[in-house]
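Peer 1: The lines below spell out each chain.
2 protein chains.
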Amino acid sequence: MRTLFFVALAGFALAQEPQFTKDNRLMKPADYREWVYLSSGIGMTYGPARESAPGDNPAFENVFVNPRAYKAFKETGAWPQGTIFVLEIRKSESKGSINNGGHYQSDLQRFEAEVKDSRFADGWAFFGFSEATDSAQAIPKSAGCQACHSKNGAVDNTFVQFYPTLLPVAKAKGTVKKAISRE
Amino acid sequence: MRTLFFVALAGFALAQEPQFTKDNRLMKPADYREWVYLSSGIGMTYGPARESAPGDNPAFENVFVNPRAYKAFKETGAWPQGTIFVLEIRKSESKGSINNGGHYQSDLQRFEAEVKDSRFADGWAFFGFSEATDSAQAIPKSAGCQACHSKNGAVDNTFVQFYPTLLPVAKAKGTVKKAISRE
Numbered sequence: 001m002r003t004l005f006f007v008a009l010a011g012f013a014l015a016q017e018p019q020f021t022k023d024n025r026l027m028k029p030a031d032y033r034e035w036v037y038l039s040s041g042i043g044m045t046y047g048p049a050r051e052s053a054p055g056d057n058p059a060f061e062n063v064f065v066n067p068r069a070y071k072a073f074k075e076t077g078a079w080p081q082g083t084i085f086v087l088e089i090r091k092s093e094s095k096g097s098i099n100n101g102g103h104y105q106s107d108l109q110r111f112e113a114e115v116k117d118s119r120f121a122d123g124w125a126f127f128g129f130s131e132a133t134d135s136a137q138a139i140p141k142s143a144g145c146q147a148c149h150s151k152n153g154a155v156d157n158t159f160v161q162f163y164p165t166l167l168p169v170a171k172a173k174g175t176v177k178k179a180i181s182r183e
Numbered sequence: 001m002r003t004l005f006f007v008a009l010a011g012f013a014l015a016q017e018p019q020f021t022k023d024n025r026l027m028k029p030a031d032y033r034e035w036v037y038l039s040s041g042i043g044m045t046y047g048p049a050r051e052s053a054p055g056d057n058p059a060f061e062n063v064f065v066n067p068r069a070y071k072a073f074k075e076t077g078a079w080p081q082g083t084i085f086v087l088e089i090r091k092s093e094s095k096g097s098i099n100n101g102g103h104y105q106s107d108l109q110r111f112e113a114e115v116k117d118s119r120f121a122d123g124w125a126f127f128g129f130s131e132a133t134d135s136a137q138a139i140p141k142s143a144g145c146q147a148c149h150s151k152n153g154a155v156d157n158t159f160v161q162f163y164p165t166l167l168p169v170a171k172a173k174g175t176v177k178k179a180i181s182r183e
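The listed protein sequences correspond, in order, to chains E and Y. At position 120 of the first sequence the residue is numbered 120 (the numbering used here), and the sequence of numbers has no breaks. At position 164 of the second sequence the residue is numbered 164 (the numbering used here), and the sequence of numbers has no breaks.
Think of the hints as simulated: they come from the structure by calculation, not from any bench. All values reported here derive from a predicted model rather than from experimental measurement. Any given hint could be a false lead.
[Stated by the list, open to error] Just the calculated beta-carbon pair ranges, DEER-fashion: (1) E:Lys91 x Y:Ser135: 36 to 44 angstroms; (2) E:Gln19 x Y:Gly96: 51 to 59 angstroms; (3) Y:Ser142 x E:Ala78: 21 to 29 angstroms; (4) E:Ala121 x Y:Phe120: 54 to 62 angstroms; (5) Y:Lys95 x E:Ala132: 55 to 63 angstroms; (6) Y:Gly144 x E:Arg110: 34 to 42 angstroms; (7) E:Ser135 x Y:Gly174: 52 to 60 angstroms.
[To be verified] Once the Cα atoms are required to be at most 20 angstroms apart in a straight line, the calculated SDA-like pairs of lysine to any residue come out as: (8) E:Lys91 x E:Asp117; (9) E:Lys91 x Y:Gly101; (10) E:Lys95 x Y:Lys151; (11) Y:Lys28 x E:Thr165; (12) E:Lys91 x Y:Pro168; (13) Y:Lys71 x E:Glu34; (14) Y:Lys177 x Y:Gly77; (15) E:Lys171 x Y:Gly96; (16) E:Lys74 x Y:Pro58; (17) E:Lys171 x Y:Asp107; (18) Y:Lys74 x E:Lys74; (19) E:Lys91 x Y:Pro58; (20) Y:Lys141 x Y:Ala30; (21) E:Lys71 x Y:Pro67; (22) E:Lys91 x Y:Lys141; (23) E:Lys151 x E:Asp117; (24) E:Lys95 x Y:Phe120.
Heads up, the beta-carbon is just placed ideally off N, CA and C, and yes, glycines get one too.
Here chain E stands alone, though its shape is the one from the complex (with noise of 0.2 angstroms):
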């Protein structure tokens, strides 16, 4: 009986793991949404080839981290090896049951992951899913998404910056690693 909990709670901890194929394809993390919520930004650009007007509904991007890499970040402001995030998109509507402005959020279109692993050479990746993805391929270093990261993540490779339970935190442990526009 003790041996099935034990086996329950390990296969629970688990699943909020990266997992990897033998070939490290990061097979798509299921339970994400049971995963700890960061923050929301809604037709978020951030170049000028983005610029352009977003539209009546623009899309939103949620953002979720496993459990145990939040826990790990409120005690030290870092994040472990095995950290890894969702960035999920999804439609905005505006007109619908009672609201009558404003939007709220519709359909998922896509989500992307990224990872914190000594196996790959930057030690962070990042990953494309579709509702159809069982498991995807690490996204070319040509894509700029590392380049980016590293560069502008106000924490290691990651925007703290916007996310506002974690930023006073890393602020506190002194990890916030340059200055940073918003503040």
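Once you've looked at the hints, dock chain Y against the given chain E.
Peer 2: The following block gives chain Y in isolation, referenced to the frame of chain E:
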């Protein structure tokens, strides 16, 4: 050792349940950011009085629910006794760090809780919190929270029509109580 483990586990579970004072004030939920995230909106407006232009930085609203209630909902499409929702209201900002368009979340403004508990006449009650509030009395019925939720919520007293991962569950379980206009 085993006893200590179960005491710790019980303490953890207790922190995710609504806690009341002797006079039925709701204790401030301390750890709701570690509960299950349901969705976010920005600048949502529900009636003619609030249809005015929301300004450059309309507020974000994030919704969280306690994990036990979420798990029960996934299984049954209904909310159990002891369900507690938190609606968190945060400021939005637009220009900061590398962001030059759209909106991201910043400071907490206030949060509200909705609890399902038979100690309240309507079976549900609403509570308002700020940073400084340790416990809160149920918001009077005259404020209209109950009337609007009961009339317009897709499932029981809750706006499941705005929670994109739960609406399909409610439909599959047959617990959507009325036609909802966003469909």
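Peer 1: Now, for every hint given, state plainly whether the structure supports it.
Peer 2: Hint by hint, here is what the structure shows:
The beta-carbon spacing between Lys91 (chain E) and Ser135 (chain Y), approximately 39 angstroms, falls within the hinted interval of 36 to 44 angstroms. With their beta carbons about 35 angstroms apart, Gln19 (chain E) and Gly96 (chain Y) fall outside the hinted range of 51 to 59 angstroms. Between Ser142 (chain Y) and Ala78 (chain E) the Cβ separation comes to about 49 angstroms, which falls outside the hinted range of 21 to 29 angstroms. Separated by about 57 angstroms at the C-beta atoms, Ala121 (chain E) and Phe120 (chain Y) satisfy the suggested range of 54 to 62 angstroms.
The given range of 55 to 63 angstroms is broken by Lys95 (chain Y) and Ala132 (chain E), whose C-beta atoms sit roughly 37 angstroms from each other. Range check, Gly144 (chain Y) to Arg110 (chain E): Cβ separation about 39 angstroms, and the 34 to 42 angstroms hint holds. For Ser135 (chain E) and Gly174 (chain Y), the hinted distance range of 52 to 60 angstroms is not satisfied, since their beta carbons lie about 35 angstroms from each other. In summary, the hint linking Lys91 (chain E) to Asp117 (chain E) is not supported, as the alpha carbons are separated by about 31 angstroms, beyond the 20 angstroms threshold.
Distance hint between Lys91 (chain E) and Gly101 (chain Y) is fulfilled; the C-alpha atoms sit about 17 angstroms from each other, no more than 20 angstroms. Proposed proximity of Lys95 (chain E) and Lys151 (chain Y) is supported: the alpha carbons are some 18 angstroms apart, at most 20 angstroms. Distance check on the hinted pair: Lys28 (chain Y) and Thr165 (chain E) sit about 17 angstroms apart at the alpha-carbon level, within 20 angstroms; holds. Restraint check for Lys91 (chain E) and Pro168 (chain Y): the C-alpha separation of about 16 angstroms stays at or below 20 angstroms, so the hint holds.
Using a Cα cut-off of 20 angstroms, the hinted pair Lys71 (chain Y) and Glu34 (chain E) holds, with the two alpha carbons roughly 10 angstroms apart. Restraint check for Lys177 (chain Y) and Gly77 (chain Y): the C-alpha separation of about 11 angstroms stays at or below 20 angstroms, so the hint holds. For the given pair, Lys171 (chain E) sits about 17 angstroms from Gly96 (chain Y) by alpha-carbon distance, which is consistent with the 20 angstroms threshold. For the hint pairing Lys74 (chain E) with Pro58 (chain Y), the CA-to-CA distance comes to about 29 angstroms; that exceeds 20 angstroms, so the pair is violated.
As the CA atoms of Lys171 (chain E) and Asp107 (chain Y) are separated by approximately 15 angstroms, the hinted pair is consistent with the 20 angstroms bound. A C-alpha spacing of about 29 angstroms is found between Lys74 (chain Y) and Lys74 (chain E), which places the hinted pair above 20 angstroms, so the restraint is violated. Proposed proximity of Lys91 (chain E) and Pro58 (chain Y) is supported: the alpha carbons are some 18 angstroms apart, at most 20 angstroms. Restraint check: the Cα-Cα separation between Lys141 (chain Y) and Ala30 (chain Y) comes to about 25 angstroms, which exceeds 20 angstroms; the hinted pair is violated.
Restraint check: the Cα-Cα separation between Lys71 (chain E) and Pro67 (chain Y) comes to about 17 angstroms, which is no more than 20 angstroms; the hinted pair holds. For a cut-off of 20 angstroms, the pair hint linking Lys91 (chain E) to Lys141 (chain Y) is broken: about 35 angstroms separates their Cα positions. In summary, the hint linking Lys151 (chain E) to Asp117 (chain E) is supported, as the alpha carbons are separated by about 19 angstroms, within the 20 angstroms threshold. Restraint check: the Cα-Cα separation between Lys95 (chain E) and Phe120 (chain Y) comes to about 33 angstroms, which exceeds 20 angstroms; the hinted pair is violated.
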